[in-house]
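In this note's numbering, the protein residues as written are 56 to 502.
Some clues are possibly wrong.
[Stated by the list, open to error] Taking CB as the label site, the calculated pair distances span:
| id | residue 1 | residue 2 | range |
| --- | --- | --- | --- |
| 1 | E281 | I392 | 19 to 25 Å |
| 2 | Q303 | N397 | 43 to 49 Å |
| 3 | Q174 | S410 | 41 to 47 Å |
| 4 | A432 | T96 | 26 to 32 Å |
In short, the hints are calculated from the structure, not lab data. Quick caveat, the model's predicted, so the values are computed rather than measured. Beta carbons: idealized from backbone N, C-alpha and C, even for Gly.
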Amino acid sequence: MNKLNALAQHKWKVIILSFLVLPQCLQAQETLDDSTLLDATIENVVRYAIKNQPAVQKALINEAVTETTIKGKLADWYPQLNAAYNLQHNFKVQTAVIGGNPVKLGVDNVSAIQLTATQNIFNRDALLASQTAGDVRRYARQNTGATRIDVAANVSKAFYDVLTTKQQIKTTSEDISRLERSLRDATYQYQAGITDKTDYKRATIALNNAKALLKSNEELLKAKIEYLKALMGYPVNAPLEIKYDTLQMENQIVLDTLQATNYASRIEYQLLETQYKLQQANLKYNKWSFIPNVSANGAYNFNYQNDQFSKLYNTNYPQSFVNLSVTVPLFQGGKRIQNIRNAELQLDLLEADMSDLRNNINAEYSQALASYKANLASYLALKENLDLAQEVYDVINLQYRSGVKTYLEVITAETDLRTARINYYNALYQLLSAKIDVQRALGQINY
56 MNKLNALAQH
66 KWKVIILSFL
76 VLPQCLQAQE
86 TLDDSTLLDA
96 TIENVVRYAI
106 KNQPAVQKAL
116 INEAVTETTI
126 KGKLADWYPQ
136 LNAAYNLQHN
146 FKVQTAVIGG
156 NPVKLGVDNV
166 SAIQLTATQN
176 IFNRDALLAS
186 QTAGDVRRYA
196 RQNTGATRID
206 VAANVSKAFY
216 DVLTTKQQIK
226 TTSEDISRLE
236 RSLRDATYQY
246 QAGITDKTDY
256 KRATIALNNA
266 KALLKSNEEL
276 LKAKIEYLKA
286 LMGYPVNAPL
296 EIKYDTLQME
306 NQIVLDTLQA
316 TNYASRIEYQ
326 LLETQYKLQQ
336 ANLKYNKWSF
346 IPNVSANGAY
356 NFNYQNDQFS
366 KLYNTNYPQS
376 FVNLSVTVPL
386 FQGGKRIQNI
396 RNAELQLDLL
406 EADMSDLRNN
416 INAEYSQALA
426 SYKANLASYL
436 ALKENLDLAQ
446 EVYDVINLQY
456 RSGVKTYLEV
466 ITAETDLRTA
476 RINYYNALYQ
486 LLSAKIDVQR
496 ALGQINY
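I would like the entire structure built from these sequences, with the hints used as guidance.
Listed below in structure tokens is the structure:
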């Protein structure tokens, strides 16, 4: 019976412990999933970078800073309430002679509590904050968008660069397998007296070169993956195994080359437009400097006076008032006129910047489109070369095994096939990178 009770108690302890530990395990798993990628496709990699890249996070923080600044400026439209307290003891009260008699002006102890209120009716600083709040918020959001676009484009290119090296490693590994098989065949033929030793020595040289190339690309891949991690904001010590579908990527190379540029779709142009609106508001602000500032003020004072400190707060002598304050700027040495002229010149500068940006966008699009077309032509030619190189290798390898071709021709065909494969994948990823440049020039990358 005691054993059954002990067993039951142990069972309940296990159940309770499971409930306590399981949530922590689940939380740890969620943390792992948030900080690492299990399915590192290009879409997921870009999405991860936009969420975790420090530059994007800083842009979002700047948005929050902008919002708090706007709210702080708009707070000037609300009544400004203040309270003040004063306690004063006069060691020697001022005395005045009135009618030939000395008269004491005041008492020994004075205290006051003052409540004041100020309400802006017209204030150009507060008015500027009200009229530009939307544009300032928009500018902050556009800055964040520009950062996201830069991150997405750079991460995508780095992703394709990693793929290029991975494909080179894959191609070289396949070459090594073929060369090892060829080396065995050449060795057997030499041992059988069919060929001389030059064939298997050539096979050994080719195999060693392939292994050296493989090692070089493997080290290069490590550096490129670390660079991709840095662009993503990915944990340094966490593994990142990217995934890709070559067939799907081949289907993504198509691009409409007849599209016209639309300046308004470029985030850089949108930023300049917003800056222009803000500068127009700044020009109005400087013109408002000729208009009076108007505010309403009011106060209620609790005044206490008594020669005896213990009875100071026994009697209150209140005072209250309300007034309308109008401040009219009359002369400031021409400062306001110069500020207005400066604001107008700043608008002229922004117009010149917008014109310059339009020219740069046209040039950037032309260069990106030319690069895309050149890479597309290269890709199509190299794709055909790959098919031909594979066919040539298969035929020559078969003829070599039949004793028709020499091993030198096999090595040449293998080299051509390896080069064709590497060039094909390089062309594919360069074409995809060129497509990103075109889309960026057209303002079609948005996050």
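How the hints compare with the structure:
no.	hint	in the structure
1	E281 - I392: 19 to 25 Å	violated, 58 Å
2	Q303 - N397: 43 to 49 Å	violated, 55 Å
3	Q174 - S410: 41 to 47 Å	holds, 45 Å
4	A432 - T96: 26 to 32 Å	holds, 28 Å
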